[in-house]
Every structure is written in C-alpha cells, then in structure tokens.
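Heads up: the sequence lines are chains A and B, in that order. Counted the way the working numbering counts, the first sequence spans residues 58 to 283. Counted the way the working numbering counts, the second sequence spans residues 18 to 251.
Treat the hints with care, since some could be wrong.
Distance windows between CB atoms, simulated [stated by the list, open to error]:
hint, chain 1, residue 1, chain 2, residue 2, range
1, B, 52, A, 160, 40 to 48 Å
2, B, 20, A, 256, 35 to 43 Å
3, B, 30, A, 235, 29 to 37 Å
4, B, 107, A, 187, 24 to 32 Å
5, A, 150, B, 62, 41 to 49 Å
6, B, 25, A, 235, 37 to 45 Å
7, A, 234, B, 52, 19 to 27 Å
8, B, 62, A, 145, 24 to 32 Å
9, B, 107, A, 145, 41 to 49 Å
10, A, 203, B, 23, 37 to 45 Å
11, B, 249, A, 234, 47 to 55 Å
In silico negatives: residues of chain B with every beta carbon more than 12 Å from chain A [unchecked claim]:
hint, residue
12, 44
13, 89
14, 184
15, 214
16, 235
17, 242
The hints are simulated quantities; they were obtained by calculation from the structure and are not laboratory data. We treat Cβ as the ideally placed atom computed from N, Cα and C, and that holds for glycine.
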Amino acid sequence: MKQICGILINNKLYKNYELYFYNNKGGKNNKMLFSNKKIANFVANILIISLGVLFVNCSETYATRELRETTLDTAKRSENIVLARCISSESKWNDEGSLIFTYVTFQIEDTIKGEDAEDEITLRLIGGQVGDQILSAPDIPNINEDEEVILFLGPKNKAGYPTLTNMKNGVLRIYTDDVTGQGNVITPTTGIPIYKENSSKAISGTQDSKILLEDFIYSLKEATNK
Amino acid sequence: MNKIRYLTICFFVVLLIPSVVYSYDILNTQTPSDNFVFFGWPDPPIDLILDPGTLGGSDGRATVETACNVWNSVANTQQLCGNLFAGSEDITVDNFDSAISMNDGIIDVIFDETGAIIAEFGLSPTITLGLSSTLVNALTGEIVDVLMVLNGSLLSSSGSDLQSTTVHEMGHGWGLAHTPIGGINNASTTIGLEPIDPIRIPTMFPFNIPVNDAFGITLEIDDEVGISVRYPRN
Chain A
58 MKQICGILIN NKLYKNYELY FYNNKGGKNN KMLFSNKKIA NFVANILIIS LGVLFVNCSE
118 TYATRELRET TLDTAKRSEN IVLARCISSE SKWNDEGSLI FTYVTFQIED TIKGEDAEDE
178 ITLRLIGGQV GDQILSAPDI PNINEDEEVI LFLGPKNKAG YPTLTNMKNG VLRIYTDDVT
238 GQGNVITPTT GIPIYKENSS KAISGTQDSK ILLEDFIYSL KEATNK
Chain B
18 MNKIRYLTIC FFVVLLIPSV VYSYDILNTQ TPSDNFVFFG WPDPPIDLIL DPGTLGGSDG
78 RATVETACNV WNSVANTQQL CGNLFAGSED ITVDNFDSAI SMNDGIIDVI FDETGAIIAE
138 FGLSPTITLG LSSTLVNALT GEIVDVLMVL NGSLLSSSGS DLQSTTVHEM GHGWGLAHTP
198 IGGINNASTT IGLEPIDPIR IPTMFPFNIP VNDAFGITLE IDDEVGISVR YPRN
C-alpha cells in the first residue's frame with residue numbers, strides 16, 4: 058500500500074477524476090457522486106494506475122541480467138547519442154536458420170554526441186517474431202514505426218551494426234504533446250542535472266519525469282561535455 | 018448506505034491489486050485472439066549442451082551444474098535440469114550462428130569469453146552479464162528451445178558474480194520473467210517495493226546486487242513460488 062500511495066503522490070496526470078456509480082433505485086438510473094472528492098480521486102487513481110501497471114506487466118518476454126548504471130554513465134560510455142525516428146522494423150531468420158534478428162532502421166534527426174554519422178542507421182537486435190515463432194528479446198523497449206527516440210550507441214559489432222550502450226537507458230522515448238506540439242522525454246532518467254535550454258539555471262538535480270526535449274538535449278550535451 | 022457498500026468493494030479491490038502486481042512473473046505473449054499464453058517447457062527435464070570453451074578463464078561446466086542443482090532443489094517442483102553434454106566446437110563470434118541449433122529442444126549454453134557474441138546481438142558487453150533467448154510457439158507458449166549466453170569478460174568487474182548470473186539466466190530458460198521485487202536504488206528504473214535487505218532480493222531481479230552479487234546464487238521465496246507454480250510436481 059505504501060508503494061501505491063507513493064505512485065499516487067507523484068502522479069499529476071489524473072488529479073481531477075470524479076468517481077461515479079450508478080444504481081437503479083426507484084426504477085430509474087441514479088448517478089451517485091462521491092461527495093468527498095479526495096476519496097473519489099483516490100479510488101479512481103488506484104483503479105487507473107493499477108490497470109496501467111497490469112498492462113505494463115503484460116507480454117513480458119525480456120530475459121537478461123545487467124550491471125546497474127545511471128543514464129549519465131550510459132551517456133558518458135556512448136560513442137554516439139542521436140535523436141532519431143524509426144522508419145522500419147523487420148524480424149527475420151538469419152541465413153543459417155538458427156536465430157531470429159530484428160532490424161530496426163532510424164532516420165537520424167540530430168547528433169547529440171559524437172561525430173555526425175549517416176542519415177540513417179540500422180540496429181540488429183536478437184529476437185523477434187516470424188510467423189508463429191517468437192524468439193524472446195532482451196530488455197529493449199519495443200520501438201514502433203514513426204516513433205521518435207534518443208539512442209545511446211556504442212561501437213559497431215563485427216557484422217557492422219552499432220550496439221546499444223544500455224538496454225534500459227539506451228533508448229529514451231519521446232512523446233509529443235498534442236496541445237503544445239512540443240516533444241517531451243518520458244523515459245525516466247537518472248544522474249543528469251536538467252537545465253532550461255541556454256540557461257545555467259538547473260530545473261532539478263536529476264530528472265525523473267517528463268521534460269521538454271530541447272531542455273533535455275541541452276542538458277545532455279552539458280553533462281557529457283564535462 | 019450505498020456509498021458505504023461501494024467504498025467497501027473498492028477497498029477490497031485495492032487490497033487485492035498489490036498482490037497481483039508485485040511478485041514473480043512468467044514470460045508470456047499475447048496471441049492474435051487476444052489471449053495471453055505463458056511460456057513453459059511441455060515435458061521437463063531438459064538437457065543442456067555446453068560450449069566446450071572456457072568461461073572467465075576456467076571450465077564453465079561446474080558453474081552450470083551448480084545452477085542446475087539450485088533449480089532442481091526447489092520443493093514441490095518438477096526436475097527441470099536434465100543431462101549436461103559437451104558441445105563439439107568452441108563457440109565464438111566467428112561461428113556462433115552456424116554452431117547453435119535452436120530446434121532440437123536442448124538448451125544451448127554459450128560461454129562468451131570476450132563478450133563479442135553479446136555485441137553481435139546488438140547489446141553492450143560492458144554491461145550485459147548474460148541473456149537467455151527463448152524460442153516459443155506464439156500460439157501455445159510452448160518453449161521449443163533456449164539459447165543462454167554468459168558473458169565471461171565481466172568476471173573481473175566489480176559487483177557481478179558469474180554464478181548468480183548463470184542461475185538467473187537459467188531461470189529465464191525455464192520461462193520465468195523478471196521480478197519487480199528488489200528495486201533498491203535510484204539507478205534502477207524498474208518498479209519495485211520499498212528497499213529490502215539485499216540478501217532477500219530475488220534471483221530473478223534484472224540487475225546485479227552491488228553489495229554482494231553472490232546473494233543471487235540462492236533462490237528467494239519469490240523465485241521458488243514462481244517456478245513451483247509453473248512446474249508443480251504433481
């Protein structure tokens with residue numbers, strides 16, 4: 058219960074829910090509203106967040122073990138960090154018929170760290186689904202076509218494909234706000250002091266919730282150039 | 018009166034939910050008909066074929082045998098680990114794609130001495146301790162084969178224990194997923210319970226245990242319940 062309450066306190070998205078129940082008293086539907094809005098919000102939040110956690114928990118196929126590190130450490134170890142948009146993803150068996158690989162191709166929109174690379178980049182990651190067969194993949198987020206992400210990349214492997222520096226920290230999701238049209242980094246990050254773009258004033262010590270994309274990129278450049 | 022009744026119902030729903038969320042998990046996928054199927058071997062015990070190369074500079078067979086004993090010792094659970102066989106050729110970055118067989122129902126264990134095979138899979142060998150890739154029938158969840166890769170190049174790195182990693186990856190080989198229990202520091206973005214005693218962190222937690230990674234060699238109650246539910250003895 059303590060953990061659930063902790064999540065609720067940090068949750069700013071669902072603050073104004075009201076909870077309605079219906080009964081059929083007197084042969085007609087009556088809408089009942091909890092008079093205590095705090096209780097209504099609490100119950101609604103519990104149900105919404107619980108459903109969310111259950112969905113997060115669904116379709117679990119990840120299977121690796123790794124060392125812990127902060128996003129800042131991941132950034133420092135990366136040879137290249139790029140802002141990129143996924144343009145295609147295809148899973149197929151290798152020529153030997155022994156493994157399924159997924160090839161994810163990105164269009165590079167901005168280079169945050171490292172030398173400007175090609176316009177496009179393709180990652181080859183083990184795992185994927187071909188027909189009725191699934192080869193479970195490591196702990197890498199599923200990236201959808203047209204999704205914009207920040208990629209932390211290491212050296213190329215023998216086959217010539219770049220590696221992800223970190224499975225969890227190595228792909229940061231970006232969400233575009235429908236109202237403002239601005240991009241926000243929504244994957245939690247750790248260890249990177251966040252500044253407003255072109256400002257020396259830190260917003261927070263470390264970032265653990267969504268933040269404007271341009272502020273994050275500026276902060277990432279500041280942190281990795283030190 | 019109705020408000021009290023509804024509040025009471027909600028209260029009990031809330032009480033039930035945490036017990037669903039915070040526990041072991043079993044690898045699973047969603048079928049085209051929107052059902053969820055859970056991964057598992059249809060008929061254990063399962064044999065393993067071991068890379069004849071070295072692991073961390075020494076014979077990796079003993080490490081795998083110990084992991085087998087750990088999983089085979091869980092009460093009220095079927096024997097999962099069968100015979101261990103030695104492969105015919107050292108598996109390296111030059112031959113891994115032709116040397117392994119993913120359709121024979123025998124778990125392939127690769128000792129990735131340099132981390133180069135992990136890099137071929139698109140991952141960083143400086144942080145990935147090991148991985149298990151499970152080939153399953155997407156409609157039934159039945160495990161067809163498993164590839165288990167252990168990174169021998171991180172043996173000297175601080176805070177990691179190869180034996181713990183082997184037990185962990187073997188857990189994936191049986192179909193167990195990661196547990197959220199054990200989120201003990203801010204570097205982890207994984208949802209977890211309140212900080213717990215490191216010695217109590219389940220083996221199936223996805224990260225090493227910096228205080229003493231050898232704590233991961235023994236299973237915790239969360240691991241044992243997960244495996245015994247998936248493979249009950251009777």
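Hint check against the structure, violated hint numbers in rising order: When the structure is compared with the hints, numbers 1, 2, 5, 7, 8, 9, 12, 14 turn out to be violated.
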